[in-house]
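**Q** Please build the complete structure, drawing on both the sequences and the hints.
Chains E and X are the protein sequences, given in the same order.
Heads up, the first sequence is in the working numbering, so the first residue is 10 and it goes up one at a time.
Heads up, the second sequence is in the working numbering, so the first residue is 10 and it goes up one at a time.
Treat the hints with care, since some could be wrong.
Cut-off 27 Å, straight-line C-alpha distance, at most; resulting in silico cross-link-like pairs (DSS-like, lysine-lysine) [to be verified]: (1) LYS201(E) x LYS14(X); (2) LYS151(X) x LYS256(E); (3) LYS151(X) x LYS206(E); (4) LYS242(E) x LYS259(E); (5) LYS151(X) x LYS203(E); (6) LYS305(E) x LYS151(X); (7) LYS390(E) x LYS14(X); (8) LYS80(X) x LYS203(E); (9) LYS488(E) x LYS211(X); (10) LYS211(X) x LYS126(X).
The set of hints was computed from the structure by calculation and includes no laboratory data.
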Amino acid sequence: MTGSVLALKRADGKEFSVTMAKSFIGVAVAAVFTVLVLFVGVISKDSAAISVKGTFNGIDLLRALFSGGDLSYYGEGIGELTVTMPTALNAVAAIGVLFFPALLVTETVLCVLTLRYERKGLVRAASIVSLAGALWCVIVYLVFLFAGTPAEDITGEAKEAYRVFQPEIFWLIAALFLALSALIRYAITAEKMKKLKRYLPSYLFMVVPLILIAVFSLYPILLQFILSFKDFKLGDGLFNSVWNGGKNFKSIFADPTMLKVIGNTLYISLLRLVAGTIPPLLLSIFLYDLSMRRTKRVVQTIVYIPHFFSWVIIYSIASAFLNEEGLISILLHTSMSPLNDPDWFLTIVIVTSIWKELGWGTILYMAALSGVQPELYEAAKLDGAGPWQRIVHITLPSIASIIIYLLIINLGNILKSAGGEQLLLFYGALTKDKATVIDTWLVWTGMQQLEYGIGAAMSFFQSAIGMLLVFLCNSASKKMTGIGMW
Amino acid sequence: MKNEKTKNFFRKYFNGERVYQAICFTCCILIAAACLYPLLYTLAVSVCAPERINYHFVLPIPMQFSLNAYKQVFTVGNYIWRAIGVSVFRTVVGTVLSVVVCAMLAYALTRKDLPGKKPIMYLLIFVILFQGGLIPTFLVMKELNLLDNIWVYVLPNIMNAWNVIIIKQSMEGIPREIEESAALDGVNDLQNFTLMILPMSKPVLAAMAIFSLVGQWNSWFDAMIYISSTRADLWPLQYYATISLNNLNQINANKPNPEVNNFTMMMENMSIKMALTVVTTLPVLIAYPFFQKYFTKGVYLGAVKD
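**A** Encoded structure:
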């Protein structure tokens, strides 16, 4: 087999060997990480003095391995810190450190052989080695994650914040790169290289958006997952906090106050669902049937306006009507402001949100109605159908699918749609109890009382159940109405 | 004879159709009035001299015109101009970046048989459905040094997976032949994106820009979470208004000076509050007529995918 099988003819006639490029990838990745492990091990000695970083510190680990597993550090503020590493962990760490030089040697040998004999099998073997390396890095990471033991200071007291091993993100990065290099070598053929070249601009377009998604969407999700299984303390940092199994989740479902929070969320969301469906539906039927074109347009323009106001503004306007001397308070003959009255609280919340979203909610219904053929109405009129019959037999059936779709999708969002932002503004000392839903609880207890672990578990629960519900509801909607979110 | 006449009269003017039209008309007008009345009331209170406001103030007509409340709004607080600046910054920069970046990803996803297109679409849907939650997000901002930093209003809000999907869908509606013939003329991807696809996607981009604009202008929650209470110089207008309204309420509740007529003072506070409300809302109201052309389409695209 010659090189031309795998090679890509370039425009100028020269051969660019894909095989060659492929074999260099493996060597390059192994070399970079070998250098990182050995040299950063030396450079990072200072940081090792402050918090024990067994994973990264190659030289120190090797020294400890040969001195019977004792590592001692001196850190400012903590004094002398002695760490006795379990032999098994020690071995893992040592192999972990020695792994990269070994990988480098193997990859180099395979690369040289590939270039000499140009066998496809050799490239494949090299990529399998890389893949195995990636797997090994993940295993090391997991071992460190679960097996790191607290270090002891000079008095023999365990210090939770200083652990023998920190699961350095380094291992995951290494795993990612190794896996990628394996994948590239395994999957790339000459045609795919051509394609890649063609699509390179498109991929460049994606770089910034994907980085933003990774940083601001995916990374919080990862943290949320880790946090929800940890006893998070601010001083310890995320990775040094103790794992506590499912304790956070247990405390959500065992605690009656938390169940009340969830119950409140469901209740308010359901109220909003009804308030967000029926009034806009009625208004859009009236608007649609209104024969005066001009009035119709003017009314439409006006009713959309409140949607563009912030809740701050709506709260301010509402409090103008509802304070002790306000117009509505006077009409209701209440001695105190209804805003502070727990009996009135939910009514006010729902009425203001109807005010805000009533017009906006009609847009979809109106759009659906604009697709109905006017001849249907003409024919119905000729047949003697009155307005009521036309609504029941033409208008409603023709927008039934969109009504059901919206209902189902909103039902899927039920844990998230209690309107925390509004409640955070409208609540008062007396009404705080009624305003406690998941979203507000996260602010009041999770953030302000530093219950980070339980808070993360709560939002994890909210998101996970939410996703499940949306999936179910979406497929239900697709089945019933033919409309889906995607 | 007479009976017959009345019957005809009734049949002509009080038949089902007419009654129904009347009901429709009344409901629509009432709802429109209910939407407008609080706004007019707010405006009227803000420009009325405080001593002339009372609880009989039903008609939104100021009894005695005074701009005193506005003067107070702009002179009492040191930070209002700063807050307006922050709000304008986050609105303009946030919207422009968001639309451009979302359109970039959407454009890349419309390339025909691009390898890896499907996984990215799944990623977008996943990101829409699964959020990091308040606390983990807070920790990320902390790690990125974005706490007490004005960019915290912009950076996390640039990418919006929904918007990407909507823009992508609209871009897919552009006939491919146009692009193909341009490609024959040697137009590269960047030129194709900036000179052809972006201008042709103007309606959907405008709709997305409006939603981003309104969202940025109206948001206050991120300021509450990510900006410490000592950094009032980083508050956007909405959060400044929240804090000021609360302070004014507290002044009401504490009644610091019993010598002063409490009622008058409360009303004075109220007109200041309403003036602040008007100032905070005015930009949205001014921009509203320009929005109207685009947002209905955006809503429809945003709600229903095929």
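**Q** Now look at each hint and say whether the structure bears it out.
**A** Results of checking the hints against the structure:
1. LYS201(E) x LYS14(X): violated (87 Å)
2. LYS151(X) x LYS256(E): holds (26 Å)
3. LYS151(X) x LYS206(E): Given pair LYS151(X), LYS206(E) is violated - Cα atoms ~39 Å apart, limit 27 Å.
4. LYS242(E) x LYS259(E): Holds, because 19 Å separates the two Cα atoms, which is no more than 27 Å.
5. LYS151(X) x LYS203(E): The given pair, whose Cα atoms are some 43 Å apart, is violated under the 27 Å limit.
6. LYS305(E) x LYS151(X): Roughly 50 Å between the alpha carbons, so the hint for LYS305(E) and LYS151(X) is violated.
7. LYS390(E) x LYS14(X): Holds. LYS390(E) to LYS14(X) sits at ~25 Å (cutoff 27 Å).
8. LYS80(X) x LYS203(E): Violated, at roughly 67 Å.
9. LYS488(E) x LYS211(X): The given pair, whose Cα atoms are some 34 Å apart, is violated under the 27 Å limit.
10. LYS211(X) x LYS126(X): holds (24 Å)
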